[in-house]
Amino acid sequence: RHQNITGVVDGSQLLVMFRNQYDNDVTVWSPQGRLHQVEYAMEAVKQGSATVGVKSSSHAVLVALKRASSELAAHQKKIMPIDKHIAVSISGLTADARVLSRFMRTECLNEQFAHNQALSLNKLMERVGAKMQIATQRYDKRPYGVGLLLAGFDEDGPHIYQTCPSANYYDCQAMAIGARSQSARTYLERHLDEFRSSTREELIRHALRALRDTLPNDVELTNKNCSIAIVGKGEDLSIYDDDDVNPYLEGLDQEERRGGAGGARDAQPPAAPTAAAEEDDAASAPPPPPTDEQPQGDSMETD
Amino acid sequence: MAVPGVCLQDFPLWSGGPTPGHFYNFPGNSKMNTGKSHTMYPSTSGTSVVGLVYDGGVMLAADSLGSYGSLARFRDVKRLFKVTDKAALACSGDIADYQFIREVIEQKVRDDVCGGYTRELNAGALHCWLTRVLYNRRSRFDPLWLECVVAGYKDDEPFLGYVDKIGTAFEAKEVATGFGLHFAVPMIREAREKKQNLSCDEARKLLTECLKVLYYRDCRAHFKYQLADITPEGVTIHDDLNLKKETNWEVANYISGYE
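Residue numbers (this note's numbering), protein chains in the order written: chain U, 1 to 303; chain H, 1001 to 1259.
Wrong hints could be hidden among the right ones.
As the list claims (entries may be wrong) - Once the Cα atoms are required to be at most 27 angstroms apart in a straight line, the calculated DSSO-like pairs of lysine-lysine come out as:
(1) U/K131 / U/K77
(2) H/K1108 / H/K1194
(3) H/K1224 / U/K84
(4) U/K84 / U/K233
(5) H/K1078 / H/K1194
(6) U/K123 / H/K1082
(7) H/K1108 / U/K131
(8) U/K123 / H/K1212
(9) H/K1165 / H/K1194
By construction, these hints were calculated from the structure, which means they are not laboratory data.
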């Protein structure tokens, strides 16, 4: 039997996976009791750009880094509304994400139609999990190559859920997935105790700071590449893109960024940049994305 | 494997195919022209259900008779049941259809419990779901011959709703089915005109009075009944209540031929 060694880059880690005779079918177990196809599907999530979710005692927030496949293209939407009280942020195969979003929207609509009430998050997650699991146990299907971060508000308060191609779903206080998301998770772990009592604005700023930590030194959060979604007590879902993101980016303290100052950033004023300066930054930003952000193998559209 | 006396008909090569002289339903066609006709009348039926909202909860009452036409056949039929701590359901109409829908609803509640869902089925959700089910059945010309009253709580507010076999649905502060609509509802409205918010005891007295009048006037009514009281604390069902002792049949002596 032949063995190939394929190295997969994830941030600063080098994961080494052995290609072997048990990884062609999702219905084949390896002698170690692993399903390699499912694990390979999880790698697709790591190829997508980062997204962060955080919740307080009253709100749930998602922020996402949008990627543009070329200068000509618009930045790919990462956050999808599911219902008035649920939004989902994707990382991985966008097409797979759309299928799952459509399923979730139908489930929410059915609940509204048949029961005249909003679908509870835990009910929705069970159904999504059951649907994704089917694809890990049939020879004629493949696992969904997308990781989702769900933010929702229901009768039990705010929720953040993470799903994996393995069909597992996790109830989280805060989470980050996608390329270089480990840095974001480190930020979230460090500030975990502050989230529960955060105000609406503080919560968004925490999420944006966590997202900023995933960026390489020469890339900044701009209103073009950043998306925010928030839902909470007494507040239906709002998704902010483009100019609507400006007030939240202004609130960020640029100096505190982990990783130290780069040459380009010294030129920026120490105070929070004004809206006009933000527009200039967007115009003169380096053509997105820099080469190290490109997904490996461009036949798969991962965002 | 050649066995004597066995011919090709015992081991059909193709089954389910067209048979000469019969209509053939092509596979994949959802519209079945089988010419089936469904039962369009109730057999064993229950009579009125009465419900009202009072200050502090909701109350429902229904008698325990299953009539077989004009025969008072089953005198201990429980037409009222507790769905969850937030909802109770009572039906008039075909008893078999009530028993069927009760099984379906009980399984629905069981599924929620097994899934570990924290939000239990409340009266508003049950009412909406029941409306959709009954309307769908009527649209297929296969109705569940029921008139239902859903009582309970929806989002901390008392809820009382009516659903019909044809899918008519509405919410109100007083609701009744069958003869109750003509006798009980005016009685309740009159009592409410005198006093807007009824207390628990007043509500119970009023409901019992309504059932008594129905027993006098409705030929398909009986003196044994059930009463459900739904408060924010939960659902209490009083079974095997009897209003026979409170009834006065002196007037029967004035009817010629009574002795």
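We went through each hint and held it up to the structure:
Under the criterion of a C-alpha separation no larger than 27 angstroms, the hint pairing U/K131 with U/K77 is consistent with the structure, at around 24 angstroms. Straight-line distance between C-alpha atoms of H/K1108 and H/K1194 comes to about 41 angstroms, which puts the hinted pair past the 27 angstroms bound. Among the hinted pairs, H/K1224 with U/K84 is inconsistent with the structure: their alpha-carbon atoms are about 48 angstroms apart, more than 27 angstroms. About 12 angstroms separates the Cα atoms of U/K84 and U/K233, which keeps this hinted pair within 27 angstroms; it holds.
Straight-line distance between C-alpha atoms of H/K1078 and H/K1194 comes to about 33 angstroms, which puts the hinted pair past the 27 angstroms bound. With a CA separation close to 23 angstroms, the supplied pair U/K123 and H/K1082 stays within the 27 angstroms bound. Taking the CA atoms of H/K1108 and U/K131, the gap is near 20 angstroms; set against the 27 angstroms cutoff, the hint holds. As the CA atoms of U/K123 and H/K1212 are separated by approximately 45 angstroms, the hinted pair breaks the 27 angstroms bound.
Between H/K1165 and H/K1194 the alpha-carbon distance is near 34 angstroms, which puts this suggested pair outside the 27 angstroms criterion.
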